[in-house]
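Trainee: Start from the sequences and build out the full structure, keeping to the hints where you can.
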Amino acid sequence: MQRIGVFVCHCGSNIAATVDVKKVAEWALKEPGVVHAEDYPYMCSEAGQSKIQAAIKEKNLTGVVVCSCSPRMHETTFREAAERAGINPYMVEIANIREHCSWIHKDMEEATKKAVILMRAAVAKVNLNTPLKPGESRVTKRALVIGGGIAGIQTALDIAEAGYKVDIVEKTPSIGGRMSQLDKTFPTLDCSACILTPKMVEVNKHENVNIYTYSEVEKVSGFVGDFTVDIRKKARSVDMDKCTGCGVCQEKCPSKKTPSEFNRALNTRTAIYTPFAQAIPNVPVIDREACIKFKTGKCGICEKVCQAGAIKYDQEDEIITEKYGAIVVATGFDMIKLDNYDEYAYSQSKDVITSLELERIMNAAGPTKGHLERLSDGKAPKEMVFIQCVGSRCSDDRGKSYCSKICCMYTAKHAMLIRDKYPDVNVTVFYIDVRTPGKNFDEFYRRAVEDYGVNYIKGQVGKVIPQPDGKLLVRGVDLIDNKQILKEADMVVLAAAIEPNKDVRKIATMLTASIDTNNFLTEAHAKLRPVESPTAGIFLSGVCQGPKDIPETVSQAGAAAVKAIGLLAKDKLMTNPCTAKPDELMCNGCSQCANVCPYGAISYEVKEINDHGVRETRRVASVNSALCQGCGACTVTCPSGAMDLQGFSNRQILAEVDAICR
Amino acid sequence: MSIEANEEFKPKIVAFCCNWCSYAGADLAGSSRLGYPADVKIIRVPCSCRVNPMFILRAFEKGADGVILCGCHPGDCHYSTGNFYARRRMTMLFSMLDYIGVENGRTRVEWVSAAEGVKFSTTMNEFVEKIHSLGKNVRLGDLRCRN
Numbered sequence: 001m002q003r004i005g006v007f008v009c010h011c012g013s014n015i016a017a018t019v020d021v022k023k024v025a026e027w028a029l030k031e032p033g034v035v036h037a038e039d040y041p042y043m044c045s046e047a048g049q050s051k052i053q054a055a056i057k058e059k060n061l062t063g064v065v066v067c068s069c070s071p072r073m074h075e076t077t078f079r080e081a082a083e084r085a086g087i088n089p090y091m092v093e094i095a096n097i098r099e100h101c102s103w104i105h106k107d108m109e110e111a112t113k114k115a116v117i118l119m120r121a122a123v124a125k126v127n128l129n130t131p132l133k134p135g136e137s138r139v140t141k142r143a144l145v146i147g148g149g150i151a152g153i154q155t156a157l158d159i160a161e162a163g164y165k166v167d168i169v170e171k172t173p174s175i176g177g178r179m180s181q182l183d184k185t186f187p188t189l190d191c192s193a194c195i196l197t198p199k200m201v202e203v204n205k206h207e208n209v210n211i212y213t214y215s216e217v218e219k220v221s222g223f224v225g226d227f228t229v230d231i232r233k234k235a236r237s238v239d240m241d242k243c244t245g246c247g248v249c250q251e252k253c254p255s256k257k258t259p260s261e262f263n264r265a266l267n268t269r270t271a272i273y274t275p276f277a278q279a280i281p282n283v284p285v286i287d288r289e290a291c292i293k294f295k296t297g298k299c300g301i302c303e304k305v306c307q308a309g310a311i312k313y314d315q316e317d318e319i320i321t322e323k324y325g326a327i328v329v330a331t332g333f334d335m336i337k338l339d340n341y342d343e344y345a346y347s348q349s350k351d352v353i354t355s356l357e358l359e360r361i362m363n364a365a366g367p368t369k370g371h372l373e374r375l376s377d378g379k380a381p382k383e384m385v386f387i388q389c390v391g392s393r394c395s396d397d398r399g400k401s402y403c404s405k406i407c408c409m410y411t412a413k414h415a416m417l418i419r420d421k422y423p424d425v426n427v428t429v430f431y432i433d434v435r436t437p438g439k440n441f442d443e444f445y446r447r448a449v450e451d452y453g454v455n456y457i458k459g460q461v462g463k464v465i466p467q468p469d470g471k472l473l474v475r476g477v478d479l480i481d482n483k484q485i486l487k488e489a490d491m492v493v494l495a496a497a498i499e500p501n502k503d504v505r506k507i508a509t510m511l512t513a514s515i516d517t518n519n520f521l522t523e524a525h526a527k528l529r530p531v532e533s534p535t536a537g538i539f540l541s542g543v544c545q546g547p548k549d550i551p552e553t554v555s556q557a558g559a560a561a562v563k564a565i566g567l568l569a570k571d572k573l574m575t576n577p578c579t580a581k582p583d584e585l586m587c588n589g590c591s592q593c594a595n596v597c598p599y600g601a602i603s604y605e606v607k608e609i610n611d612h613g614v615r616e617t618r619r620v621a622s623v624n625s626a627l628c629q630g631c632g633a634c635t636v637t638c639p640s641g642a643m644d645l646q647g648f649s650n651r652q653i654l655a656e657v658d659a660i661c662r
Numbered sequence: 001m002s003i004e005a006n007e008e009f010k011p012k013i014v015a016f017c018c019n020w021c022s023y024a025g026a027d028l029a030g031s032s033r034l035g036y037p038a039d040v041k042i043i044r045v046p047c048s049c050r051v052n053p054m055f056i057l058r059a060f061e062k063g064a065d066g067v068i069l070c071g072c073h074p075g076d077c078h079y080s081t082g083n084f085y086a087r088r089r090m091t092m093l094f095s096m097l098d099y100i101g102v103e104n105g106r107t108r109v110e111w112v113s114a115a116e117g118v119k120f121s122t123t124m125n126e127f128v129e130k131i132h133s134l135g136k137n138v139r140l141g142d143l144r145c146r147n
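If you read the sequences in order, they're chains F and P.
Using the numbering used here, you'd call the opening residue of the first sequence number 1 and step up by one each time.
Using the numbering used here, you'd call the opening residue of the second sequence number 1 and step up by one each time.
A hint or two may mislead.
Some chain F residues near chain P, calculated using beta-carbon distances under 8 Å [to be verified]:
#, residue
1, 104
2, 114
3, 535
4, 578
5, 596
6, 629
7, 635
8, 648
9, 658
10, 661
Keep in mind that the hints were calculated from the coordinates and are not lab data.
Glycine is no exception: its CB is placed at the ideal position from the N, C-alpha and C atoms.
Mentor: Right, dumping it as structure tokens:
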């Protein structure tokens, strides 16, 4: 029989205001096995933990129930406290009477009743708990970073600087990401390439960093400290070792009509191409869908002009299998598709563009060589209208519910740059709210308004109507003057919402990392563990976790790197002891459990079984506790009920059910 | 019985929540103060696939009026495939429960992610309302355990 102590936390008034904690402690003493019960304002405090430890020693407790906040918050705290007092940490259970009780119920009597029932369920479980001992697993001292944008580059650099090997896997032919597409950055108006390319070079040259561009993660297995990852290195059709990056192949390529991904399809590129001049690696790829040689078999000009002999038409995709201890996701973002926003005439007029397209137009390496001009007729615009929150902060299914966070600032930047370079161009911004929290951000926005004379109008645009003369009629509303506005513009720029990269769902599924309804990866705790995924060993860097600007992305990238380094610095990890365990007397070796195990943790061995004096040699299941992650799929599948999960055994869960339904 | 139910029917509802998504979703509902009736009591399991049909039968046997199982969205399971097993098992179990007279409305499977505090709360509110409309469950009650 267990000797159980029940400790009821007030959590200040968080629990005590709606749950009669004294009564819960009183009722606890009536439960079987409970020999001690008390309440205390803050159980998680040093003093609270000491109370638990003192009771364990004085009353010889064998089990502990803490009625407090969610086990996701303080289970570890209390388990460690109990361990220091000399009992097995897995003899501690939490009754969640805060998140699941006091915070959601208003009626004190009802909440107290529920708290008592939750306490009873936990006591019933602890009565059946057994001491468990965690195993150990090794840590592979190598990290994988998925995505080679500024987030991935910064994370990889920080990990590499700490002395660990890092691999970057980047889907496109070059690292650099979205930041490489930007012209200038707020709030300093630094040239984006000038601050990014040194980092690209640094990461490329770093002895601890290995970059796989034009590659994708194909398969992930294993667990924290010991992931095995298959990386598909797509056929570049160019030998990376031989290519000198001279660029002659790109000059001579006759297939020139593919929309340039880097320039947001505003101009075209050749079939053999490097996305941009500072690309790293400076080795082109052949787009096999556009290449005449691959389509018709005739051409081969690039092979003829390549003096290094680097063109390899017969190159094939290569699968690289590598082991990693930690994985950082830095998959970044894209602009939303504007199909749902046809009222802004994006599909009807070339002069309605997104902000990222404007970024390319303003860039000296862009489709217009940095001249601000209308894409329809090449004329310089006189009136420009910016429309904010296109698809952001949207209350229906058309767009995104969240604020994309960066648009107010980049629009202020665009407006300022245009007014600076082309003082005769009038700039009008339609906004819902201007949101500029951030160091020197509001000052920046005010400069746009006060010093550069940008016309900000609070109100949304209802429709953009292309006119026969090529102008755009913008129909909007001014909420402050409460009047309708009709404005003729030469160009309209849409601050389209940003969304996570479309591949992130696939990657999250491979990593078993959780993802929210907007496809942003979920952090382990919104406030306290913002760069870790709930899945151990997976870290989050950059916009894959939520909208952010460059400074925030870089800080988060560093934070993710530190978390990964903290993991890689360990030689061994404690494994979860809540693993499956077969009862060999009941097991008949049918293999059903092995079929459902996602980790291949179950194998079979032929063993001599002593069944109450009857000796026989049989095939029985055997669980590799280092591989078992404790999901419990096998326990339900087992037709003879031989398989059980330690820490969540059939008897324990049934005892909880009984206690709740009592 | 139905008159009695209209007066003060306090249903007993067991919610099995997987540790990674739905339990965290319930925590989020809590920290966001999104209320639902106190009739719902949550049992934490590592994965929805840990829920043995036996647990659900036992709950009904011991007088539960409704049982709901919450897990990660299909494809998002922390253990890759656990919720697919849970989905199949529960479809099978619920059809059999229906056959022996425990109405389908008393059982439910819902996918709630860690970010869906609102969904957790609305799901529980809906479910409790449904159980109220169905009234007390007597089909699988273990009479030996009743007073």
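Trainee: Now tell me, hint by hint, if it's right for this structure.
Mentor: Now the hints, each set against the structure:
The restraint placing residue 104 (chain F) at the interface with chain P holds, with a minimum CB-CB distance near 5 Å, inside the 8 Å limit. For residue 114 (chain F), the suggested interface contact is upheld, since its CB lies about 4 Å from the closest CB of chain P, less than 8 Å. For residue 535 (chain F), the shortest C-beta to C-beta distance to chain P is roughly 6 Å, which falls under 8 Å, so the interface hint holds. Taking 8 Å as the C-beta contact cut-off toward chain P, the hint placing residue 578 (chain F) at the interface holds, the least distance being around 7 Å.
About 6 Å separates the beta-carbon of residue 596 (chain F) from the nearest beta-carbon of chain P, less than 8 Å, and the hint is met. The interface hint given for residue 629 (chain F) is met, as the beta carbon of that residue sits about 6 Å from the closest beta carbon of chain P, less than 8 Å. Taking 8 Å as the C-beta cut-off, the interface hint given for residue 635 (chain F) holds, the closest approach to chain P being about 7 Å. Interface hint status for residue 648 (chain F): upheld, as the beta-carbon distance to the closest one in chain P is roughly 6 Å, under 8 Å.
The closest approach between the C-beta of residue 658 (chain F) and any C-beta of chain P is roughly 6 Å, which is under the 8 Å cut-off, so the hint is satisfied. Interface restraint check: residue 661 (chain F) against chain P, minimum CB-CB distance 4 Å, threshold 8 Å, status holds.
The earlier numbered hints are all upheld by this structure, with none contradicted.
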